[in-house]
Amino acid sequence: MAEFISTRVAYGRALKKFGGQNPDIVVFDADLACCTKSEGFGQAFPERFFNVGIAEANMVGMAAGMAAAGKIAFVHSFAMFSAGRAYDQVRNSVCYPHLNVKIVGSHAGLSVGEDGATHQCIEDIGLMRVIPGMTVLCPCDANETEAAVKAAIEQNGPCYLRLGRAEVENITANLPGYHFELGKGTTLADGKDVTIAATGLMVQNAVKAAEILKKEGISARILDIHTIKPLDTELIVKAAKETGAIVTTEEHNVLCGLGGAVCEAVSRYCPVPVIRHGVDDRFGKSGKYEDLMVRYGLTPEKIAECAKEAVSLKAGQAG
Amino acid sequence: MEQKRVKELAVTAAKVRLECLEAINACHSGHIGGALSAADILTVLYFEKMKNLDPENPKNPDRDRLVLSKGHCTGALYPVLALKGYFPVKDLKTFRHIDSYLSGHAEMKHVPGVDMSTGSLGQGLSAAAGMALAAKLDKKPYRVFAVMGDGEIEEGQIWEAAMAAAKYKLDNLVGFVDVNGLQIDGTTEEIMPSEPLDEKWEAFGWNVLKIDGHDLRAISDAVDAAGECSGKPTMILAKTVKGKGISFMENKVMWHGNTPDEEEYQKAKAELTARLLELEG
Chain A
455 MAEFISTRVA YGRALKKFGG QNPDIVVFDA DLACCTKSEG FGQAFPERFF NVGIAEANMV
515 GMAAGMAAAG KIAFVHSFAM FSAGRAYDQV RNSVCYPHLN VKIVGSHAGL SVGEDGATHQ
575 CIEDIGLMRV IPGMTVLCPC DANETEAAVK AAIEQNGPCY LRLGRAEVEN ITANLPGYHF
635 ELGKGTTLAD GKDVTIAATG LMVQNAVKAA EILKKEGISA RILDIHTIKP LDTELIVKAA
695 KETGAIVTTE EHNVLCGLGG AVCEAVSRYC PVPVIRHGVD DRFGKSGKYE DLMVRYGLTP
755 EKIAECAKEA VSLKAGQAG
Chain B
26 MEQKRVKELA VTAAKVRLEC LEAINACHSG HIGGALSAAD ILTVLYFEKM KNLDPENPKN
86 PDRDRLVLSK GHCTGALYPV LALKGYFPVK DLKTFRHIDS YLSGHAEMKH VPGVDMSTGS
146 LGQGLSAAAG MALAAKLDKK PYRVFAVMGD GEIEEGQIWE AAMAAAKYKL DNLVGFVDVN
206 GLQIDGTTEE IMPSEPLDEK WEAFGWNVLK IDGHDLRAIS DAVDAAGECS GKPTMILAKT
266 VKGKGISFME NKVMWHGNTP DEEEYQKAKA ELTARLLELE G
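The listed protein sequences correspond, in order, to chains A and B. Note that the working numbering has the first sequence beginning at 455, numbered continuously upward. Note that the working numbering has the second sequence beginning at 26, numbered continuously upward.
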């Protein structure tokens with residue numbers, strides 16, 4: 455029986471687990487501890503937990519001060535606010551001095567659901583990855599989330615961790631040979647006709663898309679890109695060379711996210727057709743998560759269509 | 026504080042002003058007005074009040090810390106740090122130069138003695154509060170100072186930090202507002218009136234002291250008084266003169282970011298040098 459669990463819930467457990475092992479970890483939240491799941495740490499280690507109220511800019515700044523004094527500081531809010539509202543603070547108080555602050559953005563993307571466009575951040579990957587020295591992580595499931603939290607703690611410097619609210623299948627938990635390494639993508643399925651590079655909850659959809667494609671005789675390679683920065687350029691370029699076409703898929707604007715990062719990599723080392731699949735540069739809206747995913751085309755079927763288009767572009771390029 | 030010590034600090038502050046002028050004149054760039062208004066506060070803090078400072082070990086974990094939230098006033102901070110011994114005074118001539126480590130705004134990675142990178146206004150008090158909170162968590166006795174501009178506190182984040190510092194009872198945090206009454210586009214009164222500052226900070230749960238920000242003894246006494254206050258952070262509202270020490274720059278909006286031409290430089294240098302000689306004599 456497949457296990458379904460949101461990355462934010464898995465995150466909360468991991469933070470409590472690793473936070474208990476490392477007394478240097480301090481945690482800030484801005485009145486969303488119940489939602490970001492930092493509350494578990496807060497209940498276990500109240501002396502190292504600081505709920506600073508609805509004031510994200512100050513939260514990031516205080517975390518920077520804590521990090522300057524030797525702590526590993528985690529800050530939490532919805533992605534819209536931790537990456538968006540506090541952008542200047544993340545850039546100037548955290549990343550410019552390269553302080554050990556981990557920016558957690560939960561409720562990222564359309565899968566927030568009914569709260570609507572104001573809370574559906576589809577720009578955070580772009581915002582965070584353009585800051586020099588920032589690491590950007592977007593795990594796809596519970597197992598990968600725990601591994602990402604561990605890696606973020608072990609890495610010295612700023613990090614953005616993108617989490618979702620939706621319950622997603624824990625696909626990497628029992629995957630033979632699965633190994634998480636920061637900065638290295640994971641090949642979930644090999645294929646020769648096209649590569650689908652996915653991040654976050656679109657990884658599960660990409661796996662389903664590969665099954666659709668297989669029935670139509672198309673062999674798709676599936677890459678799980680949990681680290682968007684630093685990007686595993688070697689893996690991406692190898693896939694470009696060996697499959698000749700790429701589809702990127704993400705629960706994010708098609709601009710500046712994983713798709714942008716992949717295009718930047720292949721355009722330099724191995725230009726091949728790249729179809730960027732995601733939210734087509736428009737705001738989200740209120741609705742049930744499942745309905746929104748269909749309305750905005752974030753489905754395995756759409757990914758499969760993009761893959762077929764990519765394959766056809768490859769043929770055109772060869773001709 | 027003994028009169029002799031006050032006089033020594035006055036000499037140091039005069040040297041800081043002279044080095045400030047030289048640094049800014051060398052690169053024809055910088056913020057001289059606000060640097061001169063904060064020069065006395067920074068001098069007293071670094072040369073008299075801050076504990077466990079060690080220029081040979083700038084990151085000593087037990088040191089008092091200072092966050093120059095008005096991060097553009099490196100024209101004062103860097104001369105103070107150089108005279109304190111963190112780096113050679115002669116390097117001040119490379120201020121803001123492409124090959125120099127002495128950045129335009131305060132920078133903690135490459136400038137020895139700088140405790141926090143600042144420049145984007147309104148962010149320093151939060152960082153200082155975070156450091157003060159870390160001291161509480163680690164049960165260390167160090168104090169944290171934050172120096173803000175009176176224009177800067179128009180930023181909302183300052184007031185977010187003000188609430189948080191009061192919530193966590195950060196009595197090891199001491200803020201200064203350099204109340205020179207001017208900001209880049211005009212007087213604070215016309216751009217965004219912020220008075221009554223004392224009532225505002227008190228309402229946010231702070232212990233508030235008002236001083237003349239050029240009275241060295243008053244600065245020192247206020248820092249001591251802040252140390253006596255338990256359970257809440259202290260904000261010292263320091264009334265200052267923008268451009269202090271150079272007659273034609275004092276209280277003039279244009280000297281926020283302008284730099285002197287050769288004639289003005291010579292006149293300013295003569296004034297500051299005369300003042301230094303007078304104090305030393």
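Just so you know, the hints here were simulated from the structure itself, not pulled from any lab data. Beta carbons are placed, not taken as given, at the ideal position from N, Cα and C, and that holds for glycine. There's no promise every hint is true.
Each pair of labels, with its calculated beta carbon distance range [claimed, not checked]:
{"no.": "1", "chain 1": "B", "residue 1": "Asn82", "chain 2": "A", "residue 2": "Gln475", "range": "49 to 59 Å"}
{"no.": "2", "chain 1": "B", "residue 1": "Ser219", "chain 2": "A", "residue 2": "Lys742", "range": "24 to 34 Å"}
{"no.": "3", "chain 1": "B", "residue 1": "Gly256", "chain 2": "A", "residue 2": "Gln475", "range": "28 to 38 Å"}
{"no.": "4", "chain 1": "A", "residue 1": "Ala571", "chain 2": "B", "residue 2": "Ala250", "range": "45 to 55 Å"}
{"no.": "5", "chain 1": "B", "residue 1": "Ser219", "chain 2": "A", "residue 2": "Glu457", "range": "18 to 28 Å"}
{"no.": "6", "chain 1": "B", "residue 1": "Asn85", "chain 2": "A", "residue 2": "Lys742", "range": "52 to 62 Å"}
{"no.": "7", "chain 1": "B", "residue 1": "Ser219", "chain 2": "A", "residue 2": "Pro477", "range": "55 to 65 Å"}
{"no.": "8", "chain 1": "B", "residue 1": "Ile123", "chain 2": "A", "residue 2": "Cys724", "range": "42 to 52 Å"}
{"no.": "9", "chain 1": "A", "residue 1": "Glu457", "chain 2": "B", "residue 2": "Gly282", "range": "56 to 66 Å"}
{"no.": "10", "chain 1": "B", "residue 1": "Met188", "chain 2": "A", "residue 2": "Gln475", "range": "31 to 41 Å"}
{"no.": "11", "chain 1": "B", "residue 1": "Asp124", "chain 2": "A", "residue 2": "Asp734", "range": "18 to 28 Å"}
Computed from the model, here is a short list of chain B residues facing chain A with C-beta under 8 Å [as the list claims (entries may be wrong)]:
{"no.": "12", "residue": "Lys134"}
{"no.": "13", "residue": "Pro137"}
{"no.": "14", "residue": "Asp140"}
Mimicking SDA-like on lysine to any residue, the simulated pairs with C-alpha atoms at most 20 Å apart in a straight line are [to be verified]:
{"no.": "15", "chain 1": "B", "residue 1": "Lys192", "chain 2": "A", "residue 2": "Lys768"}
{"no.": "16", "chain 1": "B", "residue 1": "Lys194", "chain 2": "B", "residue 2": "Ser219"}
{"no.": "17", "chain 1": "B", "residue 1": "Lys161", "chain 2": "A", "residue 2": "Asn505"}
{"no.": "18", "chain 1": "A", "residue 1": "Lys768", "chain 2": "A", "residue 2": "Pro630"}
{"no.": "19", "chain 1": "B", "residue 1": "Lys161", "chain 2": "A", "residue 2": "Ile479"}
Here is what the structure says about each hint:
| no. | hint | verdict |
| --- | --- | --- |
| 1 | Asn82/B <-> Gln475/A: 49 to 59 Å | violated, 30 Å |
| 2 | Ser219/B <-> Lys742/A: 24 to 34 Å | violated, 47 Å |
| 3 | Gly256/B <-> Gln475/A: 28 to 38 Å | holds, 33 Å |
| 4 | Ala571/A <-> Ala250/B: 45 to 55 Å | holds, 51 Å |
| 5 | Ser219/B <-> Glu457/A: 18 to 28 Å | violated, 55 Å |
| 6 | Asn85/B <-> Lys742/A: 52 to 62 Å | holds, 56 Å |
| 7 | Ser219/B <-> Pro477/A: 55 to 65 Å | violated, 41 Å |
| 8 | Ile123/B <-> Cys724/A: 42 to 52 Å | violated, 36 Å |
| 9 | Glu457/A <-> Gly282/B: 56 to 66 Å | holds, 59 Å |
| 10 | Met188/B <-> Gln475/A: 31 to 41 Å | holds, 32 Å |
| 11 | Asp124/B <-> Asp734/A: 18 to 28 Å | violated, 46 Å |
| 12 | Lys134 | holds, 6 Å |
| 13 | Pro137 | violated, 14 Å |
| 14 | Asp140 | holds, 7 Å |
| 15 | Lys192/B <-> Lys768/A | violated, 61 Å |
| 16 | Lys194/B <-> Ser219/B | violated, 24 Å |
| 17 | Lys161/B <-> Asn505/A | holds, 16 Å |
| 18 | Lys768/A <-> Pro630/A | violated, 32 Å |
| 19 | Lys161/B <-> Ile479/A | holds, 15 Å |
The structure does not agree with the numbered hints 1, 2, 5, 7, 8, 11, 13, 15, 16, 18 stated previously, though it agrees with the rest.
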